[in-house]
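> The primary structure of each chain is shown beneath.
Number of protein chains: 2
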Amino acid sequence: MLKRLLRLFAVLALLLAPAAAMADGLVDNVNGMTLDEKGDVVRFNGILFNREGQITALLTREHKRPKKLEWKLDMGGKTLLPGMIDGHGHVMGLGAQLLLLDLSATTSLDEALAKIKAYADANPTKWIIGRGWNQETWKLGRFPTAAELDRAVSDRPAWLQRVDGHAAWANSRALQVAGVTAATKDPAGGRIERDAKGAPSGVFVDGATALIDKFVPRQTPRERNAAFLAAQDRLLSLGITATADMGTSVDDWLTYRRMADMGQLRIRIMSYASGVETALAVAGQGPTPWLYGDKLRMGGIKLYADGALGSRGAWLKAEYSDAPGQKGLGFLTDDQLLNMMTRGAMDGFQIAVHAIGDRANQQVLDAVEVLSDTYKDDRRWRIEHAQIVDPKDLPRFAKLGVIASMQPVHQTSDMKMAEARLGPDRLAGAYAWKTMLRDGTRIAFGSDYPVESPDPWAGWAVAFTRTDANGQPFGGWRIEEAVTREQGWAGFTTGAAWAGFAEKQIGRLAPGMRADFIIVDRDPLLASPADLRGTQVLETWVGGARVFVKK
Amino acid sequence: MLKRLLRLFAVLALLLAPAAAMADGLVDNVNGMTLDEKGDVVRFNGILFNREGQITALLTREHKRPKKLEWKLDMGGKTLLPGMIDGHGHVMGLGAQLLLLDLSATTSLDEALAKIKAYADANPTKWIIGRGWNQETWKLGRFPTAAELDRAVSDRPAWLQRVDGHAAWANSRALQVAGVTAATKDPAGGRIERDAKGAPSGVFVDGATALIDKFVPRQTPRERNAAFLAAQDRLLSLGITATADMGTSVDDWLTYRRMADMGQLRIRIMSYASGVETALAVAGQGPTPWLYGDKLRMGGIKLYADGALGSRGAWLKAEYSDAPGQKGLGFLTDDQLLNMMTRGAMDGFQIAVHAIGDRANQQVLDAVEVLSDTYKDDRRWRIEHAQIVDPKDLPRFAKLGVIASMQPVHQTSDMKMAEARLGPDRLAGAYAWKTMLRDGTRIAFGSDYPVESPDPWAGWAVAFTRTDANGQPFGGWRIEEAVTREQGWAGFTTGAAWAGFAEKQIGRLAPGMRADFIIVDRDPLLASPADLRGTQVLETWVGGARVFVKK
Chain A
1 MLKRLLRLFA VLALLLAPAA AMADGLVDNV NGMTLDEKGD VVRFNGILFN
51 REGQITALLT REHKRPKKLE WKLDMGGKTL LPGMIDGHGH VMGLGAQLLL
101 LDLSATTSLD EALAKIKAYA DANPTKWIIG RGWNQETWKL GRFPTAAELD
151 RAVSDRPAWL QRVDGHAAWA NSRALQVAGV TAATKDPAGG RIERDAKGAP
201 SGVFVDGATA LIDKFVPRQT PRERNAAFLA AQDRLLSLGI TATADMGTSV
251 DDWLTYRRMA DMGQLRIRIM SYASGVETAL AVAGQGPTPW LYGDKLRMGG
301 IKLYADGALG SRGAWLKAEY SDAPGQKGLG FLTDDQLLNM MTRGAMDGFQ
351 IAVHAIGDRA NQQVLDAVEV LSDTYKDDRR WRIEHAQIVD PKDLPRFAKL
401 GVIASMQPVH QTSDMKMAEA RLGPDRLAGA YAWKTMLRDG TRIAFGSDYP
451 VESPDPWAGW AVAFTRTDAN GQPFGGWRIE EAVTREQGWA GFTTGAAWAG
501 FAEKQIGRLA PGMRADFIIV DRDPLLASPA DLRGTQVLET WVGGARVFVK
551 K
Chain B
1001 MLKRLLRLFA VLALLLAPAA AMADGLVDNV NGMTLDEKGD VVRFNGILFN
1051 REGQITALLT REHKRPKKLE WKLDMGGKTL LPGMIDGHGH VMGLGAQLLL
1101 LDLSATTSLD EALAKIKAYA DANPTKWIIG RGWNQETWKL GRFPTAAELD
1151 RAVSDRPAWL QRVDGHAAWA NSRALQVAGV TAATKDPAGG RIERDAKGAP
1201 SGVFVDGATA LIDKFVPRQT PRERNAAFLA AQDRLLSLGI TATADMGTSV
1251 DDWLTYRRMA DMGQLRIRIM SYASGVETAL AVAGQGPTPW LYGDKLRMGG
1301 IKLYADGALG SRGAWLKAEY SDAPGQKGLG FLTDDQLLNM MTRGAMDGFQ
1351 IAVHAIGDRA NQQVLDAVEV LSDTYKDDRR WRIEHAQIVD PKDLPRFAKL
1401 GVIASMQPVH QTSDMKMAEA RLGPDRLAGA YAWKTMLRDG TRIAFGSDYP
1451 VESPDPWAGW AVAFTRTDAN GQPFGGWRIE EAVTREQGWA GFTTGAAWAG
1501 FAEKQIGRLA PGMRADFIIV DRDPLLASPA DLRGTQVLET WVGGARVFVK
1551 K
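Top line first, the protein sequences correspond to chains A and B.
Take the first sequence: its position 498, counted from the start at 1, is 498 in my numbering, and no numbers get skipped.
Take any residue in the second sequence, count from 1 to its spot, add 1000: that is its number in my numbering.
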């Protein structure tokens, strides 16, 4: 009888135990690895997490497995890593690329025109919208023209963004609809490419794209929902469990919320509002809380100091080597930039400023220097891209606590162009990852998708090799700026999390952190660079839920 | 031993019972009353609800109280009612009224000008913004002029909405800033009041208000947050636990979400988007789910068929008695209205159309008749206000399943004006509540705050008396259209809930419904009409949480 009573009490005790502890699940028999807070590799063989999707323990082979488990999965020794984080992407832009006309794989103008024509024939839309062209890849040596685009589509307006999003190409019908003529002046912060007679030749750079943009039919909610889901699926399939969204519009935000409200938001989004007005309209007096179980937060504001190298919109201290007389475009005066940053910082928003040229990077650093007198708390100012930095300015990142948010693949995509644009003498501070780290600068890595592929494995491989998918150039481009394999990994995990004020939730695996992890088909710490690029993601888990399984 | 064992099993059983049941709280010793689904009064003395804020039982004195309770409150016999629901209000408009210059209590032009001047002297804002004036209350017999407003404020633009929101009054500075001159044409669906020479005299009606509106500085998020909180506090203090928000803008929606994300949304909002575009931008492919535990949902779209009686914007079948030649303004052609309603209905949005004049009501009913061929499911088409209806059209509401969303206090505020505008022969279908009910029309009552006070007790009293706060006119205005006290109550509870597709959650007290209730200082079923108007709300509870206590 006493025995029975004792047994009853045992049952009782079990029932009274915290529900969370009872509901732990175990993913076991894995080759598990993660970085810790110091950047050291930690290894484990089992990961235990609760119903709320929080890790309760990492187990090695030696640890006893809990007897009471809600469920258990044996992974047969496969490699388990923390989910990858993209420190700089454009979620809805990726969705648009996946659903709309995508020219990013075209290697010549003729190939692009053929693809545009085929798309136009197949899609009876009012406008032909697409993106991804690159006159550099086409080896065209100049921008394409409206007359050329007319050969592919002339019955409707066509409007095609350049791969970097900093220029776009219109056909004659689009020019006509927008009423852009030789008499139209270049708007502030933008440039209309013109022919010898001064007539618009078809390409619009930076601020000038708004002249056509405002006539493009607005996406329907159905299109936006579909674009979001396509982007999310793509990111999860690559092992990305969280991403910064650099330049969220009100429409983007409403799409994310709509999806989340319907239980369709599976990836984590660290949202940076497109400009101050958007941040105030959406988040109001300051960053939003983390919403939907740490899935969505608008914490910052994205601003632009200049354009891109490809379209010679990056703002340089000295003239472009391949375009004498041009120094690119500074989007804002010093006062304007300072005012915008102040306006955002006043309300506690994190400020992330796009700066590619050395002059633009200097402008942002100067602004942070001024702001640092006022804001002495943990602000995590970010410079996005930080591609071409005057070596004199490099140490200022660490000194001012400015995060360098960089995209390794940009280096391999841009290396030849950068040499042409800048000449050999101005490359000392270009894509200077190692120097940054040595100075003590915090680094976040990302891809700038859809400008580049969101594939983080390519990015990681570039980080420690400085070579492209073909292993070129042999030995790596300015290899002295390569980081270690682990530092590269950190850029795509702990670094990107820290840059998004999310280091307490994601970026590494440890008790109390969110169970965001991936199962991959190889060991990334042992794989050759080529093998690392070929990594296949078998499963992706976010917050303890399996959200992607490779078919 | 067996006894002990049995006792143990009992404890065990208790522990195994659903957590919700364990956590029940009891508000006891109340004079409780609610309507049931059929409109009959149900009485009780205790209300039991769980942690999720759902009612688990209504108890009479005879019922045994559960032994295990999380907590218990003794109300000392006070009256407990379901929370009141306002079927038609403007949350952010009320907030603006509470925070901005409010002219609704002024009884003469001179008094208003003095109040405007005092406000302008005290508030160094760029614009003077206010609302609430009514030339009828002032007994002015005409609209006020810009020149008159200049006497109160001339150094800055001033822009003051009429009480019904269908007209606004500018000073000369505002006309100048907006560049409105004698040469400016009346926009479609709007009218610029003009002097003898054709120059704008200061008042803009309906669609014409946009000419000035677009120059008004946008509210800051801080102002919007503050306005929301002020409105919410006011509504809760009056015993309103849920409200329709008729014409939610994207900015309004972002404000509600921001507040909800921070745990500050305490009232329930049934949101109707301001137009089709807003619905698509916010909710996308269809109504949002109920969010934040049934606190917020965008389920419908608000459209406008005409203006208001006061500004002679209501669209009549025959001329205004007091303005020969004028029939008011139809905002949309039949095709436009039908297209908009179809566009919304296609995606499952509920359609609520503002229609005050008999011609406008006919237009909406005609449109619903066409749409009913396509949409045979439960659509709950709504006509907002339905003030002046051709008696021939009255039965069409019930026949077509159109909800009449009406505001009792409008009847007492407008009765003299309605007589002047329409003459005695066209009042048979005016504010025809009883006839509507007799026909089988579903009715929702509300206040149209801030056009009227949101006070539901005044509205309820008017519903069965058709007299104003002074008991005038003696015996009630067209008393044959008064409803019963219980029918009036239903309009502000079950009727308003049904009209908002919320009848499964709110509007009455019963197991499974949300615990939205109020404690009041008198019995509304026994109080004289004057006493009912004086009802003091002592406590307001939403979802089982006490959100207002009278100090």
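Among the clues, some could well be false.
[Stated by the list, open to error] In silico lysine-lysine, DSSO-like type, Cα no more than 27 Å apart, as pairs: (1) A/Lys-115 <-> A/Lys-185; (2) A/Lys-214 <-> A/Lys-317; (3) A/Lys-214 <-> B/Lys-1038; (4) B/Lys-1038 <-> B/Lys-1551; (5) A/Lys-139 <-> A/Lys-126; (6) A/Lys-295 <-> B/Lys-1399; (7) B/Lys-1038 <-> A/Lys-185; (8) B/Lys-1504 <-> B/Lys-1399; (9) A/Lys-376 <-> A/Lys-214; (10) B/Lys-1117 <-> B/Lys-1185; (11) B/Lys-1295 <-> B/Lys-1064; (12) B/Lys-1185 <-> A/Lys-214.
Bear in mind the hints are in silico, worked out from the structure with no lab data behind them.
> Would you list, in rising numerical order, the hints stated earlier that this structure does not obey?
1, 2, 3, 4, 5, 6, 7, 9, 10 and 11
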